Amino acid sequence: MSETVNPAEPPFGSHAGKVRKGDGRRQRGNRTGFTTGACSAAAARAATLGLVNGEVPESVLCRLPNGQEVTFAVIKGRVEGEGVQRTSRAAIVKDAGDDPDATNGAHLTADVRLLPNLAGEIVLKGGPGVGTVTKEGLGLEVGGPAINPVPRRNIRDNVSAVAAELLDHDGLEVTISVPGGDEMAKKTLNARLGILGGISILGTTGIVRPYSTAAFRASVVQAIDVAVRQGQTSVVFTTGGRSEKFAMRQLPELDESCFVQMGDFVKAAFTTANKHRMAHIHVGAMAGKLTKMGQGLSVTHAWKAEIDRDLLADCAREVGAQADLVEEIRAAETARFAAERLAVLGLTVDFHRTLARKAIRSLKSCYPGLYHLTVHVCDFEGRFIVRVEEDEAF
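The numbering used here applies: residue 1 is where the sequence shown begins, and numbers increase by one.
In case anyone wonders, no lab produced these hints; they're calculated from the structure.
Since we're looking at a predicted model, the values are computed, not measured.
All C-beta atoms in this analysis are idealised placements derived from N, C-alpha and C, irrespective of residue type, glycine included.
You can take every hint at face value.
Simulated DEER-style distance windows between Cβ atoms:
id, residue 1, residue 2, range
1, G144, G81, 23 to 29 Å
2, R153, N30, 27 to 33 Å
3, A305, E340, 20 to 26 Å
4, N274, H169, 48 to 54 Å
5, T134, R209, 25 to 31 Å
6, S365, G231, 25 to 31 Å
7, R86, A305, 56 to 62 Å
8, E256, G81, 41 to 47 Å
9, R209, P57, 24 to 30 Å
DSSO-like, lysine-lysine: derived pairs with alpha carbons at most 30 Å apart:
id, residue 1, residue 2
10, K125, K76
11, K275, K245
12, K125, K187
Make a model of the complete structure from these sequences and hints.
As structure tokens, then:
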């Protein structure tokens, strides 16, 4: 199947109306986009065609890792020099579809030059805006460019497809760069993973799906792998930026690599930590996500399952709330309602401790292992409420 990409299309869909968080009917854009890897492969193919033919095409057909063929519009095409000194450049504007992506609109740029008498060699390098790997655990060479294995193969396959005759005698050097990539990287967790100075060239299929869960889940696994390769024996799972900052304040003795934003992906986080035999798992969270963990959900996103209001009501009852308030909490839609109503009664710490104990029991049941589990609970402003050790839950 083949399709054409128009880089002039708007990067985001038109579904921008305000809705309640957790509303199952929320409308999200569903236009797919393309990964940095796919755009890099297309740019490399276009630049190689420029080197072979003396002119960079205005569009290029690229075969994605999933086998799909897509036509990309090419910008900044140019060929310079003569003979063995000839070089070629092409760029592709990344269209992330309806996914809120820090690299949307990036110019994935490829420069290609001849390597005389190195038959069949395709040397792949990273230029400005592509991160450099500085830590082990990413499956990439330390000191090399942050271009993941699947995009590497895809870039080489696309270059080989249009330069077979040339490669019978000579080789090619392909350098991928991303103008402004160093600034884009500041909006990602690359620095935490030890990828410095730019973005990563990623993508296992070539396609970006809106609000991709696969990409986030993979980043959670990768972050834990990096912590392990740094020799860490503790890991701290948080559900977002605010809970992570809170957890960092609680655990200043731990290295930054120990802190992993697992988001909604509880199962991915715990199974990976278990696989690596982490000795101590910490969780930093607020009431809502703790409730979801107490329910035993492997993914805690609001679209996956509603919050268990019976669990919240049980917690309220256990800490001494009056029957009428317990029923109000059972009828409410959020954990925040319970937290705020119980705070008025001076039951904040007791309620959150009870909730944390239920979460610990559930997590240890779902993900048994030799690790010690500690839950750190904060309020909705990221302020400390209580710390609960697993020994207190059983």
